[in-house]
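Work the whole structure out from these sequences, hints included.
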Amino acid sequence: MKRRGRGIACMWYPIGFTVDANASAATVKVNEDGTATVLTGTVETGQGSLTVLGQIAAEALGIATDDVHVVSADTDTTPMDTGAIASRTTYVTGNAIWLAAEAAKAILFETAAPMLGVKVSQLEARDRKIQVKSFPQRNVSIGEVAHRSQVVLGQPAIGSASWNPPTVAMDPETGQGKPFATYVYATQIAEVDVDDETGEVEVLRIAAAHDCGTAINPMLVEGQVEGGISMGVGMALHEEMLFDANGRHINPNLTNYIMPTSLDMPEIAVDIVQGFDPTGPFGAKGVGEPTAVPTAAAILNAIHDAVGVRVTSLPATAEKVLTAIKAKRAAEVKQIPA
Amino acid sequence: MIDVTIVVNGETRRASVPPETTLLKLLRENFALTGAKLGCDVGDCGACTVIVDGMAVNSCLMLAGQVNGRNVTTIEGLATRDRLHPIQKAFEDTGALQCGFCGPGAIMATKALFDENSDPNVKDIRDALSGSLCRCTGYTKMIEAVQEAARVLRSESRNSSHTRELKVTAP
Amino acid sequence: MKAFGYVAAKDVGHAVALLGEYGARAKLLAGGTDLLVELKFAAHGPEIIIDISRVDELKDISISDEGLRIGALVTHTEIIRSPIIGNLFPALADAAHSIGAAQTRNLGTLGGNLITCVPSMDSGPTLMALDAQVTSASRSGLSQVPLADLFVAPRKTSLQSDELLTGIIIPKANFAKPAAFQKFGLRKGQALALVNAAAAFWIDQDKDSFVQPRIALGAVAPTVIRAPRAEAFLEGKAITDEVMAEAGRIAATEAKPISDFRASADYRRDLVAVLTKRALQSAYARASNKVRESVP
Amino acid sequence: MNDDTKVLEREQLDLAETLRRSDVDLRLPAVVPREPFPIEPLTVDARQQTHAVGQRATRLDGRLHGLGQTKYIDDLSFPGMLYARIKRAGIASARIKRIDTSAAEAIPGVMAVLTGSEIPVNSFGPTFQDQPVLADPIVRHAGDGVAAVAAVTEQIANEALAKIVVEYEPLPAVLDPVAAMREDSPKVHAPNSNIYATKVVRKGDIEKGFAESDRIFEARFSTQMIEHVSLEPHAAIADWDANGRLTIWATIGRITLARADMARTLKLPMSRIRIIGTIVGGNFGGKNEISQEPALALLSKKTGRPVKGVFTRGEEFTATTTRHPIIMDYKTGVSNKGRILARQIRLVLDGGAYCSWSATTLGKACILSPGPYKIDNVVAEAFVVYTNKTMTGAMRGFGAPQVCFAYESQMDDIAKALGIDPLEIRLLNAFDEGSSSPTGQVLHSVVVKESLRKAADRFGWEPRS
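So the sequence lines, in the order shown, correspond to chains D, X, Z and E. The first sequence begins at 1 in the working numbering and counts up one residue at a time. The second sequence begins at 1 in the working numbering and counts up one residue at a time. The third sequence begins at 1 in the working numbering and counts up one residue at a time. The fourth sequence begins at 1 in the working numbering and counts up one residue at a time.
Hints were generated in silico from the structure; no laboratory data involved. Do not take every clue at face value.
So, partial list: chain X residues that the calculated Cβ filter (under 8 Å) puts toward chain E [to be verified]:
| hint | residue |
| --- | --- |
| 1 | P19 |
| 2 | L38 |
| 3 | V52 |
| 4 | D53 |
| 5 | G54 |
| 6 | E92 |
| 7 | G95 |
Below, a list of computed lysine-lysine pairs in the DSS-like style, where the Cα atoms sit at most 30 Å apart [stated by the list, open to error]:
| hint | chain 1 | residue 1 | chain 2 | residue 2 |
| --- | --- | --- | --- | --- |
| 8 | Z | K237 | D | K320 |
| 9 | E | K301 | E | K331 |
| 10 | D | K178 | E | K187 |
| 11 | E | K331 | D | K320 |
| 12 | Z | K188 | Z | K207 |
| 13 | E | K71 | D | K328 |
| 14 | D | K334 | X | K123 |
The model shown is predicted, which means the values in this text are computed figures rather than measured ones. Where is the CB? At the ideal position from N, CA and C, for every residue including glycine.
What follows is the structure in structure tokens.
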């Protein structure tokens, strides 16, 4: 018989480690037509970092994502970057690009101020224009300004910057300190059916509410959450590298290492929790890793809710769940007085 | 060496290869069609999926000799110069691919599904994608993309049959 | 892969001639889903691959006086889509659908699945529960044996090295015999059977009791096996949930599973009991629906 | 001419013929294929917005992904390129007594063979440089590489691997992390202790916290070793040119660090090394460091030709980093109302054969282990130990999924024992803006309660009586 259960799990996860140097550098060049080229040493590994970093540069310059080209991942041409790890790209590399874009924009403002007859501090970049704050009708296109900067004044609008989250060493005795710049938070709730004759667990749906500060690109945030959940489902129920007594790997293939297929994944509803971190680019933190954190816990709690057994070692294979169910039944029988 | 002649994406191609050459290797190395990917080489991951005579197959599990004289469609054969295939468009618009490595295989599996069933439900879609392992997306947006592509294709086929009728009745 | 020669057989005669010539030095290529994986990891390849995938005579699904014939090269997908099979033996289609994924079902063949003779094969149990016969051809002629006789040991069949499996026949007497297939894998998609089970039986409509019950089990012995004691228990019994559950428990005692990294023997026995019961229930439900459908 | 020579010549002829014929096909396809480059405009709405942040912009690389035109490493090839394969030890703990590569080198088409002794600095690693490019002479897990081959085809490279003879003296192996912590355990990196990093977080007075608690809950949780399973295997191409400049195309998410590692292992100035990261087909932490790249570089140097290496799916499991199994002991004191007053945690991480990112994982797991809760009295201690298994390293979450499983499982056990709704007990204990973390950090932009409520709303979570 199938028994239904629900389980909840929340978590915290750090963004921007500070125990070691964690720097990113970036260069933003505004081209003569007002489009921009970004140089970053990070690598696109599927997360969508190029898109998000392009959006950050575009926002800073008041242009569109499509106006930005991101050049990445070449040690000959791109600045150093600590890399595509630890959910740091949006936060750390994003900040570096933001600062670099601001530096390039400052050059544009220097050029534009006399064109518009105002002070630099009165300018803003919006809608592909440099305009006077509160008087947007007084404006000049970014392309025109960039062209003038580079071709007439000989001051190309190129900005370079680096950013490193402020570092506070931890006390080695007590571990007290500020090991991370900021944290994100999330909750996932899972609903499962447990077959009490076979121990099979079917994850029916997961509601996931994740904080990432400002969501630079909500579609990509959702994608991260959905993908993280699939890893969590595998961790909860199926995946395990097994070794024989001699330390040789038993299941080094995708036939016997059981990762979720499309038939094994639940319906997923993703909510992005409104958040804003003043230390991140436009309030953004990060989202890559945390998505995989609470899933297994939520599923195991749902199993507990469904059939009253606490599986304490992962993965909760059907055999393990059934063994626990049988042990529970045996214990209940014993408790009935003769 | 064996000689094979196959029709790939509408073009007749020939090669002379060792008998142990797989279809995947033939496509990638002899025909420079690198869209199909080698992910596991034993038919588990589906990254090498192509369509042979209308059926989605793991090209790593077929010998070149087996496809001699047959018709092969790869990811390179879906789009035309003018437009993306609606499946490709839907995958792009919904953000259904992240790292993209499983994409060509998943899209070809979807194409084969539509060739059989133009109005698949979610269960059909999950079944059709179950041979394409993906580690990035949890398949969620991929399933949305397939649903979206199915809608587009159905409405296109309705429109085109409507157009044909008009032509027939015109004097 | 190691180097090997390749020849494509044009028809059964050609294939049999080639087999006669090369025998154990050759490997037959039907769908290739198992063979290519084997070849990729083999220390030594075969001398030659005889590709029989174009032998059209072995791709038919047809009804004759003997019964339903399914050619050895019929793919799992063709079994799923066949109206004849869907009508007569939906359990066969269920079993075919449980194999791999679309890409492998499109390539993999019924004959290939049987001939690999792995205990966890999904085609075997249902066919065995339906008393299927296998047909083969060699230079010395045609022969036909019960499917159970084909399976000798893991990865070993009773076929000689020059013998070609040509297909299976389900006897006419069993047409539309209620049957069901159940499988338990470690996940839903692309699952290998941890245990699978098939049940088939006629129903005495007056007594609502089991007639000629058959139970076949996979992945719990060196080959696919029948569960004769469970069958004997069921014969003539009134069809109740308790009887079906008891048949499952008896079948579990007939299984001889091993413990490996996928599951323990004890767990597999538990699954035999559950899957046997569920196969019986499912076949019975299927039969009842059929009766209901036929009532105008 | 003796018979052996005849055979050799025939094989060489066959090979030459094979190469010639495949070359013919490569250069002169029967029909020049049509290359689809759709001119259809992108779905640009979101990408055209000048308020870019917050837009559901389609991915900049999405179009090429869907067309199958994204070039991953295995899609690249260069004239004269060779294929490399690495021979894996297949034994968990051993000393290499002898490697004989002569038979492999004699195979026509094998251009170079490399062993560990030829690597200028045969060690690397992001924290400790404890990992060899190719084991020499100690093998510490079955996936260790012992020799590398470059050949004109992958098939020939594989054949060569089979012809390399390695003689091992088996050494005692330790596979269980708890056993590995004992003094008398075999040492994976003798003579050093197997415990290679520790971490502690202490806050408040744990004994006082337990003394004040109404109930104390204790449990042990454990997790498994997990592989990243990026769909694209680890792949790289090395090209050491005549100017002595090395270019590497690699599936590495941290090219800055990779260049430093390459410079160190090869004793090359950094200015001579260029690392190009292509679009990577999945990372999840598994592609954060170099692996085969120094071997490919040296094979390229030996042969003067570009050398490509792509891991098999088997190597992805046995020869790359994985997620740490952790044994987690939790002791938690709570008031009858459900407030957590004290939590003591002990974590033992199975660190596998090499450190990789274990020290980072250890730190994150330890710091995060109490959960997102206001707890005044905390002690968390964590150890990571060597075992003779595949190395563990960075993987999405760096230890957080493991400890979350433990602290959230125990949270539900506490809720059940006290008769409190699981959502309520979390809301009762969760961090607020300005809460102090277990390391004493004052937290800002804290929205854990918001996430709890939002998920509960979406799910339709109703308290049960």
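Does the structure break any of the earlier hints, and which numbers would those be?
When the structure is compared with the hints, numbers 1, 3, 4, 5, 8, 9, 10, 12, 13, 14 turn out to be violated.
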